[in-house]
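Protein chains in written order, with our numbering: chain A, 2 to 281; chain B, 7 to 249.
To be clear, the hints were calculated from the coordinates, so they are not data collected in a lab.
Just so you know, not all the hints are guaranteed correct.
Result set (DMTMM-like, lysine to aspartate or glutamate): computed pairs, CA atoms no more than 20 Å apart in a straight line [stated by the list, open to error]:
1. Lys-271/A <-> Asp-20/B
2. Lys-106/A <-> Asp-94/A
3. Lys-122/A <-> Glu-203/A
4. Lys-90/A <-> Asp-101/A
5. Lys-271/A <-> Glu-13/B
6. Lys-116/B <-> Asp-157/B
7. Lys-17/B <-> Asp-274/A
8. Lys-106/A <-> Asp-84/A
9. Lys-128/A <-> Asp-169/A
Spelled out, the chains give:
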Amino acid sequence: MTDTQTADMAADSSPASDSNPSGISAGEGPPKMTTRNVNVFYGEKQAINDVSIDVNMDNVTAFIGPSGCGKSTFLRCLNRMNDTIPIAKVTGDITLEGEDIYAPKMDVVQLRARVGMVFQKPNPFPKSIYENIAYGPKIHGLATGKEELDEIVENSLQRAGLWGEVKDRLQDSGTALSGGQQQRLCIARAIAVDPEVILMDEPCSALDPIATAKIEELIHEIRGRYAIVIVTHNMQQAARVSQRTAFFHLGTLVEYGVTSDIFTNPVQDKTRDYITGRYG
Amino acid sequence: MPNTGTEHTVKAFDTDINELRGMVAEIGGRSEQAIARSMEALKNHDLALAAQVVKDDKLIDELEQKIDDLTFQTIALRAPMADDLRELIATFKISGVVERIGDYAKNIAKRVPLITGGHKLGPISLLPSMSRIASELVRDSLEAFARRDADLAMEVSERDQVVDDFYTSIFRAVITHMIENPKDIGEAAHLLFIAKNLERIGDHATNVAEMVYFAARGEPMPERDRGENPTDLLEQPSGNEAS
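In isolation and in its complexed conformation, chain A is listed as follows (with noise of 0.2 Å):
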């Protein structure tokens, strides 16, 4: 059994107690990331309603909900991507081990790469497959000569198990890769610059049952080295790489829990209601 399996017996095994509907503890441990009171507001629509929800590194945490429920935009909020967004107004506290993350001093671009992301359709750089890692190291001074960068990228390729299948052709546009092999790439991509929390959009719904599989095995490899948190419309996959689940609807979060619990026991009837198929 590996170390990855044990853990995630053991945080299976929570209580049933965690799954408090109003419950935002991230479990045991201190949190990575805490959230308190966040309201996000399109010009005069409100998208989140007054969530507060806390995400530690033990754990992969999955947002899932239905379509406009506030995942996607929940999770936006945990590296500031909604300030791309010129009518988005995000309130309440968003701290990133204990700093505020909206403090006027916080500067956006080392918090992306400190909280890195990975979306629905893989998007590697028009470039090589060397030089989609390589430039976030590059850019943010981590490496210092030519043989660390190398080492970068061969330990990110390895970690998003890739390295294998293109350590002979690193100098190929990373666009002629398949789709999976391409979200793995933008996975080793946000591990170059050794994030603190990676934050998933869908990373697999472009993607076939093979390379899903493979990216949720990816999933369960760098659990614990970073705070994954995976925002989902697929409930299998929920369940099987997470093991805290939040359940949105309507812009609030309706239960927390161990995973475990939501999918076998959920306390709110409305979670009931989705992940049974009784929803709408």
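Given chain A, put chain B in place with the hints provided.
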């Protein structure tokens, strides 16, 4: 059960679940009937009826297989969650337990031809009452399943004590009878096995009740309290202490 009765978006899922519920009700009804008939056959030394019980057990076995197949298929194809998942797991287990109840009834029926001098065996008079209660437990546990009624399930589990107490009384009465009538030992031993079968039927009804409780509440049934006055419940059918 927290089931609000809202239908699934995928209607075929509800069709499968309803079909399973129907089959569970049917297997329960058949096993109840097998218990009643085996006791009837014992009481009247009706060999034809006993043979019929043995033969009809095949139907219970087939029904168990059908329930298991459809449960298995539903889990594989629908990936059920929460109360749906709990209900399907419960269905899977209940079908196996109820099939065992049918086997106990069949075993009682098989002993009928071997008890020729039933009228001489005093303790036999306790069996119909014991069987009636065991049978009620089976019926109520399945009623609890049909209604998703954790409270009724809990009650069934508590009532099993009555069957256990019956067994204790019959055991004592049969042993006494054996000591006093050594030539009846063979037949009396069969009687003891029949009482044991009924006691096991009660235990299996409790197992069903435990699964119903789990399906309804999402947690195991609390341990039942065996401490309080188990014997005063025994009054009504007590029959004559055999001698």
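Evaluated hints:
1. Lys-271/A <-> Asp-20/B: Answer holds: Lys-271/A to Asp-20/B is near 19 Å, not above 20 Å.
2. Lys-106/A <-> Asp-94/A: Holds. Lys-106/A to Asp-94/A sits at ~15 Å (cutoff 20 Å).
3. Lys-122/A <-> Glu-203/A: Measuring from Cα to Cα gives roughly 8 Å; hence the hint holds.
4. Lys-90/A <-> Asp-101/A: 16 Å, holds
5. Lys-271/A <-> Glu-13/B: 14 Å, holds
6. Lys-116/B <-> Asp-157/B: 36 Å, violated
7. Lys-17/B <-> Asp-274/A: Measuring from Cα to Cα gives roughly 14 Å; hence the hint holds.
8. Lys-106/A <-> Asp-84/A: 15 Å, holds
9. Lys-128/A <-> Asp-169/A: Roughly 16 Å separates the two Cα atoms, so the pair holds.
Consistency note: the structure conflicts with earlier hint 6 alone.
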